[in-house]
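Required output: the full structure, derived from the provided sequences and hints.
Protein chains: 4
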Amino acid sequence: MPSYHLVSRKYRKEDTVIRLATTEVGGGSTVIIAGPCAVEDRELMLQLAPLLKNMGVDVLRGGAFKPRTSPYSFQGLGEEGLQILNEAGRAAGLPVVTELMDARDLDIVYRYTDIIQIGSRNMQNFTLLREVGQTDKPVLLKRGLSATIEEWLLAAEYILAEGNQQVILCERGIRTFETYTRNTLDIGALAAAKHLSHLPVIADPSHATGRRELVAPAAKAAVAAGADGLIIEVHPKPKEAKSDGSQSLLPEELAVLIKEVKALASNIKK
Amino acid sequence: MPSYHLVSRKYRKEDTVIRLATTEVGGGSTVIIAGPCAVEDRELMLQLAPLLKNMGVDVLRGGAFKPRTSPYSFQGLGEEGLQILNEAGRAAGLPVVTELMDARDLDIVYRYTDIIQIGSRNMQNFTLLREVGQTDKPVLLKRGLSATIEEWLLAAEYILAEGNQQVILCERGIRTFETYTRNTLDIGALAAAKHLSHLPVIADPSHATGRRELVAPAAKAAVAAGADGLIIEVHPKPKEAKSDGSQSLLPEELAVLIKEVKALASNIKK
Amino acid sequence: MPSYHLVSRKYRKEDTVIRLATTEVGGGSTVIIAGPCAVEDRELMLQLAPLLKNMGVDVLRGGAFKPRTSPYSFQGLGEEGLQILNEAGRAAGLPVVTELMDARDLDIVYRYTDIIQIGSRNMQNFTLLREVGQTDKPVLLKRGLSATIEEWLLAAEYILAEGNQQVILCERGIRTFETYTRNTLDIGALAAAKHLSHLPVIADPSHATGRRELVAPAAKAAVAAGADGLIIEVHPKPKEAKSDGSQSLLPEELAVLIKEVKALASNIKK
Amino acid sequence: MPSYHLVSRKYRKEDTVIRLATTEVGGGSTVIIAGPCAVEDRELMLQLAPLLKNMGVDVLRGGAFKPRTSPYSFQGLGEEGLQILNEAGRAAGLPVVTELMDARDLDIVYRYTDIIQIGSRNMQNFTLLREVGQTDKPVLLKRGLSATIEEWLLAAEYILAEGNQQVILCERGIRTFETYTRNTLDIGALAAAKHLSHLPVIADPSHATGRRELVAPAAKAAVAAGADGLIIEVHPKPKEAKSDGSQSLLPEELAVLIKEVKALASNIKK
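Residue numbers (my numbering), protein chains in the order written: chain A, 1 to 270; chain B, 1001 to 1270; chain C, 2001 to 2270; chain D, 3001 to 3270.
Everything labelled a hint here was simulated from the structure, so no lab data went into it. Treat each hint with caution, since some may be false.
[As the list claims (entries may be wrong)] Which stretches of chain B does chain C cover? Using the computed rule of at least three CB atoms under 8 Å from a CB of chain C, they are: (1) 1025 to 1031; (2) 1147 to 1155; (3) 1167 to 1181; (4) 1185 to 1193; (5) 1199 to 1213; (6) 1220 to 1227.
All C-beta atoms in this analysis are idealised placements derived from N, C-alpha and C, irrespective of residue type, glycine included.
Here it is, written out as structure tokens:
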């Protein structure tokens, strides 16, 4: 089988560094991406964004198009959500990331976001991979729920093969027999991806564990294993969140975690 | 969590029966869908289709858009493949099924095919599910590689909720720790789907096993467990197939299997 | 890695046939092993055994030593259970099978049983495998919850390497991400084991599905895939069973299933 | 289902601390257990032990009874191996740990070892759990390859229920679909076990990853997630090791890792 080439460390030895307006991903830094699972409310986003900026968050996240298992669940605000996210990010001086689910939404998502996210369920949506590969925006590529490390790197290869070299890999937990945690954070895959590829690799401890009390240990584990950053769900009122409330940190919990993670990263990376 | 409703046996007691020009799916019959993994060659398809018709195949399959793990693998013939498939089916008197991967291809796929397939990797591509839900063509919905039975039924619910009631569920093997077989045919899920839903459920023993010698036992197992049909890969020269050769039956092997399956089905269903 | 040898079809082409007093396993027959999960009550066993004999059951099963996940669950009657099982089997003219969990119980289990079962959790208890390999009783070797096909055959190899050639392999479902069924019946592994080895292979649809309504379809699937027999849990009052009630058939349900399975087997094997 | 009780944090709030002659496990320390997979050679062990002691190893490990997938692989030196391990540990001032596989070996293993290990394949060997529960030696209980967190804690409950409160839990990777790594280190389970139980929890990055280059990142991840220690395979000549060479660190690699881990632990635990 022809395997990955452009994403390989054999092709490029040095870490790929992706430069955003106010921060960079890869090459020794530890980027913190945070925000609510879904953009639900303009006031909430406008209040939350500067709070996050102050505690050291580098990128604001929020979903406008929400892929949901059931057709009867909240599906996101769509373009209105994109506008709110963009407005909140601009006001706080934070670049933003949001998920693209349909190639036909590429123009509009492109306009409002700084990083385009490809979600787990679309990791092998090769059409979408090719489309974002033809843009000049960084892409955050989440590992599929049951994708092997090789399949994950090959999905990134689709993007690089189209010309876009700015891919951030994200390990977000795989599906296993264990049901206590929502997914199983695959620390070995994170370390392997760092070893095999020059692309930055971050972790999503929120989806990987699905439990608020496990987000901090999972986040620290990822950084200790060499992750280039974290993407974390935060919500001021988790019980009212329309999705993923049980795994969202409170802003004050996130502030503590960021301090611990920064201390840990400086210990690890020296 | 709101769960499935329209796909449930509680909503509709009797088996849904999907009528095609020359055959029907559900309600006691055992539909045989067969063809090569990918449409590669016009001559091959035109020769193969009447052969399949004569041995009792009900629907011709063939991929025009091939989702491949690597960007460097054969990606299918695209529209030309659709034309060839359509021509071969028409000539042999067989309805055809092919996979839709990109919502922007819906019109063209719609024009050339009798059943629209949603592949495993797109089982939770909710955009695609909604789009095919707004058509009047039957949809063959493959279970995702690591989708639970509930997620599979909820994916079908997306289609029914848009108005299209003609969904054929397809169990095609799940990803487990076992590597000897390509996937693990989940017979319990097939039986459970029949129990929980009124929709027809078929099995794909080719992808489920990935090994020619296991296709026949897996096919018989599925029918014995109550499957409404089978989708099987067949190729006159498996070694030359551009994809999935190792799991493709020879036409003469398929002819034997169809006889055995028909005998088995009449034993099971009486 | 040195792999299996004595269990391979390359070493021995013809099916191994294991002869018991009143029946045989392998070589074309379809053995039916049935009984309650645990031996709980003498009266119940003495009443149930002749009922089972009359409906075509070939071997009586029942656990005396019950491996339970929790130390606070019912742990089996021990030697008293063995005596009851033996008495019930003798009275009804049925050979019996029960599980050995501790090498120190080998003498006593040997005395009371016709087939020694090695359970899933002990599939790689190599001490136990060697011990039963030195006896002259047939061994029913259940596949481990997460054992590959190769590991399963290597576990059998441990027994054959000690001199005991009478091993019956039993596929009883593997652990996967799916939670609707208790385990996932691996039909491909069953067919592969038949292909790779000369040893008889049976299936346990009760543990594989964990749901009464799925036992019959799973049982038929196994026979259609070539299984040499079935081991099924039956209990006259499933709700009162001390273990596994939800997957136990009623005797009358088992009687219907046996008829269907026998008809199916004669269709499949001719 | 009756679940765990004695192992729960609800039963006992404070961390259990297990005291050995020269070190302790639990309560804030980070114990380092290291040694070769199997005891193969007296000279090697006598040379290696003081080297390990000098670099900060707290406990010496080595297998005398080796559970191997194939009956034709090296099976360990048995009692001779126990003697060598014991001699090497005594000479270097290191307590030792070795695996017990057969209840009939308990007396001899008890005599030579300071900690009794129950391996993954025996996590639900309830006989063995009860036996070690009746001793006064600390028990290192490895999580089964496909055991849920609850099953793991219930296995520990078997030991505590017999009176032995000195159990060290060990997360050593679970079996998933991923094949690049030998197993999948389950960091979420490690953190969950710390949260749910007062028992110390350590990690085995060697078996969890199966690859030398991933041992260090996995080890650090475990400590960052709150692990009370590590058990690591080390071998002066990995290519000549009779088992697990590809995952064994060189002594000099271990020395570096221990320094990094100690720095990390002091950062994490302050």
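Now the hints, each set against the structure:
By the rule of at least three residues with a Cβ nearer than 8 Å to a Cβ of chain C, the coverage given for the stretch 1025 to 1031 of chain B is violated, with 0 such residues. Counting residues of the stretch 1147 to 1155 of chain B whose C-beta lies closer than 8 Å to any C-beta of chain C gives 3; at least three are required, and the coverage claim holds. Interface restraint, the stretch 1167 to 1181 of chain B with chain C: holds (8 residues with C-beta to C-beta distance below 8 Å; minimum three). Beta-carbon proximity to chain C at under 8 Å applies to 8 residues in the stretch 1185 to 1193 of chain B; the threshold of 3 is reached and the given coverage holds.
Counting residues of the stretch 1199 to 1213 of chain B whose C-beta lies closer than 8 Å to any C-beta of chain C gives 4; at least three are required, and the coverage claim holds. With 7 residues carrying a beta carbon less than 8 Å from a beta carbon of chain C, the stretch 1220 to 1227 of chain B meets the three-residue requirement, and the given coverage holds.
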